[in-house]
Amino acid sequence: MTDQAKQSKTFPRLQNVGLDGLLITFAERLSDGANRAALAFRGRVEAADIEGITETTTSLASTFVLFDPLKSDLDHIRAQLLALLDGTDWADVPLPQGRRLWRVPAAFGGTRGPQLDEAAKLAGIDRDRAIEEMTSTRVRVLTIGFAPGQPYLGTLPPHWNIPRQSGLTKQVPTGAIAVAIRQLVLFTASTPTGWRMIGQTAFRGFRPDQDAPFTLGVGDEILFAPISEQELTEIENTDQTGLGGATSEVIT
Amino acid sequence: MTAALIVRRAGPAMTVQDLGRKGQLVYGLAAGGAADRVALAEGAALLGQSLGLAAIEMAGMGGEFEATQDIRIALTGAPMKADLDGATVVWNASYLMAAGQHLTLGAASSGNYGYLHVGGGIDTKPFLASRAAHLTAGIGKLIQSGDHLPVGTDPLLDQTGNVLIPQDRFSGGTVTVLPSVHTAHFPEDVRARFEATAFERTPRGNRQGAELAFEGAPFSTGEQLTILSECMTVGDIQMTGDGQPFVLLPECQTVGGYPRIGTVTPGDLAKVAQATPGTPLRFEFVTHEQALAAHRPLETLRADMARSVQPLIRDPHRMHDLLSYQLISGAITGWDHIED
Numbered sequence: 001m002t003d004q005a006k007q008s009k010t011f012p013r014l015q016n017v018g019l020d021g022l023l024i025t026f027a028e029r030l031s032d033g034a035n036r037a038a039l040a041f042r043g044r045v046e047a048a049d050i051e052g053i054t055e056t057t058t059s060l061a062s063t064f065v066l067f068d069p070l071k072s073d074l075d076h077i078r079a080q081l082l083a084l085l086d087g088t089d090w091a092d093v094p095l096p097q098g099r100r101l102w103r104v105p106a107a108f109g110g111t112r113g114p115q116l117d118e119a120a121k122l123a124g125i126d127r128d129r130a131i132e133e134m135t136s137t138r139v140r141v142l143t144i145g146f147a148p149g150q151p152y153l154g155t156l157p158p159h160w161n162i163p164r165q166s167g168l169t170k171q172v173p174t175g176a177i178a179v180a181i182r183q184l185v186l187f188t189a190s191t192p193t194g195w196r197m198i199g200q201t202a203f204r205g206f207r208p209d210q211d212a213p214f215t216l217g218v219g220d221e222i223l224f225a226p227i228s229e230q231e232l233t234e235i236e237n238t239d240q241t242g243l244g245g246a247t248s249e250v251i252t
Numbered sequence: 001m002t003a004a005l006i007v008r009r010a011g012p013a014m015t016v017q018d019l020g021r022k023g024q025l026v027y028g029l030a031a032g033g034a035a036d037r038v039a040l041a042e043g044a045a046l047l048g049q050s051l052g053l054a055a056i057e058m059a060g061m062g063g064e065f066e067a068t069q070d071i072r073i074a075l076t077g078a079p080m081k082a083d084l085d086g087a088t089v090v091w092n093a094s095y096l097m098a099a100g101q102h103l104t105l106g107a108a109s110s111g112n113y114g115y116l117h118v119g120g121g122i123d124t125k126p127f128l129a130s131r132a133a134h135l136t137a138g139i140g141k142l143i144q145s146g147d148h149l150p151v152g153t154d155p156l157l158d159q160t161g162n163v164l165i166p167q168d169r170f171s172g173g174t175v176t177v178l179p180s181v182h183t184a185h186f187p188e189d190v191r192a193r194f195e196a197t198a199f200e201r202t203p204r205g206n207r208q209g210a211e212l213a214f215e216g217a218p219f220s221t222g223e224q225l226t227i228l229s230e231c232m233t234v235g236d237i238q239m240t241g242d243g244q245p246f247v248l249l250p251e252c253q254t255v256g257g258y259p260r261i262g263t264v265t266p267g268d269l270a271k272v273a274q275a276t277p278g279t280p281l282r283f284e285f286v287t288h289e290q291a292l293a294a295h296r297p298l299e300t301l302r303a304d305m306a307r308s309v310q311p312l313i314r315d316p317h318r319m320h321d322l323l324s325y326q327l328i329s330g331a332i333t334g335w336d337h338i339e340d
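Respectively, the protein sequence lines represent chains Z and U.
Sequential numbering from 1 applies to the first sequence in the UniProt record's numbering.
Sequential numbering from 1 applies to the second sequence in the UniProt record's numbering.
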């Protein structure tokens, strides 16, 4: 039926997606290493500047490459990608250069994080410890998706492997921080969600009025800086930039 | 002063669309753009202009328009009842729309998405190199009654009155499919049943995706898969939790957690987008080589169409016959001077 009817169980795994896509998967499940590999390999592909490749992106544990099937044939692109994969230990690879560290003011708990206590309990810790962990753990933008510019951040320590709630929260506000399965989402739009809302920022990952509308890149890191609810309200009332008081520097 | 198209009455789901914005997948934004790319190629061919210009996409229902200056228009995609100042006009043709004339477009008689093109293109402000509205992402907005849409400079104002036989994509049929991310997770017998099954479009669907109905057991991967959210591509056929198939269209998300049994080849995607409720569809896996051999990029389509554009019959006694696509046989306009 198809060339890919039997799928390889070994990683990294290269497979065709449609007429113009190739997916390179580094693991069946999310791990910090698999995500690093996906980000690093995308960096490698971008740097190699292979003719015919039109776009690259990443998911949690894969790199996705799009190409122009008329400019360069599939076998050629496959061979080039395999050559790039070869000879690197993808389980332990440095992340690409040029990533940024963002310090983002965030209010946890209270009306700004109504499910903090519930989430902390599921993680087996108290709320103070939860806030302490959320504001001392540098989390990486594992992937961006579901809405433009919306980062999935992680990975949190293993005890944060808490499930999504069975029902949906009807609406979380833009800037909300929600947690599940060792990840945080920093919402770029008001939306229903199954993740538990534990905090809020005035940070906007998608700013359509800007020339560069996407604030974060994949691989960037975020460190949340604890602020009070009043401080957040003040930022919300005065911030014109959409950065919500965040600052950033290049990670060296 | 530049020309504008005044929207006297907007249909319920009209947006500005073009080929969309590429290169933003890594930021969680799909390319978007026209649901029926073939219609863009037809419009560009009829007006002798670039494929990249923006047009008005009208889902299900047209509207009423007036131009502030003489402009050229072309109508493509889902055919709608159309008249210019009360005189019926043929679909898939180009016209001069004089200042003050009223163009009235009704409901689609087949297909979902109709297109109104203007000479010079709709000239709204681009965002990330595209004028396409992407409503689910908060980019652009629905066209409203009273809007004045700027029209780009048109160097070919005297070239109107052409018609093109539309590429048939409004009656469903067989859609070719290539493997996608999770194809190998579906057992061979499930994939065979998928190919043997008669599907039809349901009323559920929008620019993000089109739902399909069928009789029989759900198409599942057979194993208890905890699928990690994975990159999606336009055309992917995803099986939602209850096994309901959705074909993803230009405004789809960039990552998703439902398994995808295959992906529709680019050339057949318009058949799915234009399928109205009840339209029959079947899927057939092809090899990469077969798909590549059948692949006609939009620019090639546009160029081929530009060569087969023909003048509308202008004899006023036969105007009423125009709906039957009467053409002057063999006449070729021969203008195909796209420079970009």
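Any given hint might turn out to be false.
Said to hold, decoys possible - Okay, the calculated bits of chain Z under chain U, using three or more residues with CB under 8 angstroms as the criterion:
{"#": "1", "segment": "91-98"}
{"#": "2", "segment": "140-146"}
{"#": "3", "segment": "208-221"}
As the list claims (entries may be wrong) - Here are the simulated lysine-lysine pairs, DSS-like style, with alpha carbons at most 30 angstroms apart:
{"#": "4", "chain 1": "U", "residue 1": "Lys22", "chain 2": "U", "residue 2": "Lys141"}
{"#": "5", "chain 1": "U", "residue 1": "Lys141", "chain 2": "U", "residue 2": "Lys81"}
{"#": "6", "chain 1": "U", "residue 1": "Lys22", "chain 2": "U", "residue 2": "Lys125"}
{"#": "7", "chain 1": "Z", "residue 1": "Lys71", "chain 2": "U", "residue 2": "Lys141"}
{"#": "8", "chain 1": "U", "residue 1": "Lys125", "chain 2": "U", "residue 2": "Lys141"}
{"#": "9", "chain 1": "Z", "residue 1": "Lys170", "chain 2": "U", "residue 2": "Lys141"}
Claimed, not checked - Per the computed footprint, the stretches of chain U lying under chain Z, defined by three or more beta-carbons under 8 angstroms from a beta-carbon of chain Z, are:
{"#": "10", "segment": "252-258"}
{"#": "11", "segment": "301-309"}
Quick caveat, the hints were computed from the structure, so don't treat them as lab data.
Keep in mind the model is a prediction, meaning the values are calculated, not measured.
Each residue gets a CB set at the ideal place from its N, CA and C atoms; glycine is no exception.
Exercise for the section: Starting from the hint list further up, note which numbers the structure goes against and sort them upward. Expected result: 1, 7 and 11
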